[in-house]
Amino acid sequence: MKQFGKIFKFELKYYLKNKIFVGVTIFLVLLIAAVMFFPRISALFKSDDKGSSADISIMLVKADDPAKADIIEQTFAAAFTNYDVQITNDENSVIKDKIISGDAKCAFVMTDATAYTYYVNNLSMYDMNTKIANDVLQRIYQVNAMIKSGITAEQVANVMSIQITGEVESLGKNQMENFFYTYIMIFALYMVILIYGQMVATNVATEKSSRAMEVLITSANPTSMMFGKVIASCLAGFIQLVAVFGSALIFYNLNKPYWGNNLVIESIFNIPPELLVYMLVFFILGFFIYAFMYGAVGSTASKLEDINTSVMPITMLFVIAFIVVVSSMSSSNVDNTVMKVCSYIPFTSPMSMFTRIAMSTVPWYEIAISIVILVVSTVGVGVLSAKIYRVGVLMYGTTPKISAIIKAARKA
Amino acid sequence: MILELKNIEKSFGDNKVLKGVSFKAEGGKAFGLLGRNGAGKTTSIRILMDVFRANSGEVLIDSQPINYDKIGIGYLPEERGLYPKKIIIDQLAYFAELKGMSHKAAIKSVDYWLERLDVTEYRNKRLDTLSKGNQQKIQLVTALAHDPDIIILDEPFAGLDPVNAMLLKDVVKEQIAKGKVVLFSSHQMNYIEEFCDSIAILNKGKIVLHGELQDIKRNYPRDRLVVRAGNSNAILADFGTSCNVMENGNLIIRLTDASEKKAVMIRLVENYDIDEVKVFEPSLNDIFVEFASDDAKEDN
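These protein sequence lines map, in sequence, to chains H and P. Here the numbering used here is used: the first residue of the first sequence is 1, the next is one more, and so on. Here the numbering used here is used: the first residue of the second sequence is 1, the next is one more, and so on.
Some hints could be false.
Heads up, simulated SDA-like pairs for lysine to any residue below, C-alpha to C-alpha not over 25 Å straight-line [to be verified]:
{"id": "1", "chain 1": "H", "residue 1": "K303", "chain 2": "P", "residue 2": "N37"}
{"id": "2", "chain 1": "H", "residue 1": "K13", "chain 2": "P", "residue 2": "A105"}
{"id": "3", "chain 1": "H", "residue 1": "K17", "chain 2": "P", "residue 2": "K85"}
By construction, these hints were calculated from the structure, which means they are not laboratory data.
With these hints in hand, go ahead and build the complete structure from the sequences.
And the structure:
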């Protein structure tokens with residue numbers, strides 16, 4: 001136990017003194033800060049702009065019937081508040097020239113009460129003008145038709161202005177709100193486990209290839225070494241996560257007014273506290289089970305170059321788990337059979353059970369069973385890894401076969 | 001203190017590496033564990049240090065099973081290497097702490113040894129900035145800093161220049177004088193011969209020779225004389241086939257029986273121009289080659 005403490009301290013110091021670790025953390029915090037301060041900064045520029053350039057884009061509208069010009073101008077002006085709507089009687093070629101030269105932004109040339117041509121210079125992907133115009137023209141047509149059939153203008157106004165009131169009450173979880181934060185948390189889990197798992201493997205392989213292991217293995221017990229390394233890297237990863245998410249939260253609160261009613265951002269920062277607890281539980285267990293495997297595999301490689309191929313099966317397993325979860329999330333059915341099965345398999349449950357808890361309603365006993373399976377297998381994998389490690393670190397030469405290692409580990 | 005390995009057997013899979021290894025090493029004396037590559041030296045050392053468990057057999061201290069919590073072991077492995085990218089004082093203190101020292105005591109002891117081995121100037125440098133010889137001295141600190149009761153040095157002189165080799169010899173002699181068990185493993189027979197009072201030769205997983213070096217040498221049949229003389233040709237002619245020329249130009253005379261020694265010596269001194277005549281004692285090198293070669297008898 002005393003040794004474990006010393007190993008843990010030494011390994012943690014390795015991360016905290018590592019320039020890359022510190023650099024990446026600071027970079028991520030700065031990046032988060034830049035994103036969170038963006039609305040405030042852009043608001044700063046906007047307020048400057050207001051006085052100088054007041055020109056709103058001009059929209060030309062040519063009515064098919066001059067008699068309707070007034071009503072068309074009114075309704076268009078009401079619908080397109082971002083534009084200065086102007087009625088024109090120019091020839092089509094003149095209108096086109098005006099748009100090309102930039103005098104006008106766009107133009108609607110009506111050929112009929114129900115048909116028009118929309119002229120615009122570069123059609124933007126987000127150009128919704130035709131959709132709005134369709135609605136406006138449809139409405140004008142309907143009003144005219146109703147008036148013609150003898151309904152009074154007042155009645156028409158009543159009919160047309162009818163408002164529908166609707167309320168959505170989600171009895172389970174609201175997937176619209178929790179999608180983003182679940183996605184972010186799953187992604188963070190994925191990145192941290194993948195990056196730190198590989199770091200554990202590299203760390204072990206470095207000790208082995210530099211032969212520091214020869215002294216280490218005679219100085220400390222392999223179980224303490226394995227646990228010391230894994231827990232230190234877990235804490236380092238956790239520190240990084242807290243730094244990134246913590247700074248995001250702080251910067252968001254500093255800039256809250258500037259974000260206005262951005263629903264996406266708001267939903268991200270509305271994570272229920274109990275979900276954070278689940279996140280912590282699944283993060284720690286998921287991290288451990290993978291880091292132990294990475295450590296064991298790292299101990300079987302004799303050269304650093306071998307690491308990438310050796311850890312491939314573990315990485316693949318993890319990537320597949322991630323893909324299953326993410327594709328289930330985007331299909332909005334997180335309770336499908338694959339996910340249900342995955343939430344009891346220890347290698348996939350950290351992500352899939354967590355996603356189900358976040359995005360659906362899972363009975364408490366299912367969560368309990370999943371966590372118990374995960375805890376038991378994490379301990380099992382930990383003990384087995386320490387044994388493999390004990391044998392693996394002293395095996396040089398070609399990377400031994402898995403069966404040979406397990407056989408040797410059982411005897412150790 | 002007496003360290004004893006008793007009937008140690010160890011297999012890796014179907015490969016029987018140690019087939020009943022037993023030897024004793026005494027405190028205050030240096031012990032040499034010799035053997036060819038692959039004879040089982042490193043495996044024996046690892047079992048002694050509890051890296052592996054033996055399939056059968058015991059490791060004893062003063063006839064009691066060894067208690068690794070109480071007995072400190074310092075080890076200089078043949079495959080040298082520490083953390084190349086880490087500051088020397090940090091890693092040396094870490095290794096000493098792993099052996100049970102407090103941080104303060106570890107720093108103090110490491111500083112003492114850096115000074116003693118004349119490498120204090122590298123204290124705050126990274127290991128990979130040092131020359132190979134200096135890295136070796138740094139590594140030696142890991143074997144000594146925690147003041148172990150048993151010191152195991154595997155090829156300690158490899159890669160050291162004569163000045164550093166001298167320094168290491170002095171350090172080792174100090175440790176022996178303190179009553180520690182010092183176990184050498186080396187292929188450099190001259191160093192073993194100089195240091196070790198007793199030896200064990202390991203061949204194919206078995207101890208083929210074990211005992212005090214002096215006794216081993218004395219127990220060799222004393223039936224050969226080494227002669228350095230001015231007129232060796234005359235001797236060669238007179239002694240015929242029983243006399244041969246050695247590589248260094250000396251003559252070696254094989255006696256028909258050891259009891260003839262005195263008579264032959266007198267005959268030589270009286271009749272020829274003799275500079276030196278003595279009973280031939282095999283060097284450790286000769287003994288090693290005899291016992292550790294492939295055609296050596298397994299149960300000698």
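Going down the list of hints, with the structure as the test:
no., hint, verdict
1, H:K303 with P:N37, "holds (23 Å)"
2, H:K13 with P:A105, "holds (20 Å)"
3, H:K17 with P:K85, "holds (12 Å)"
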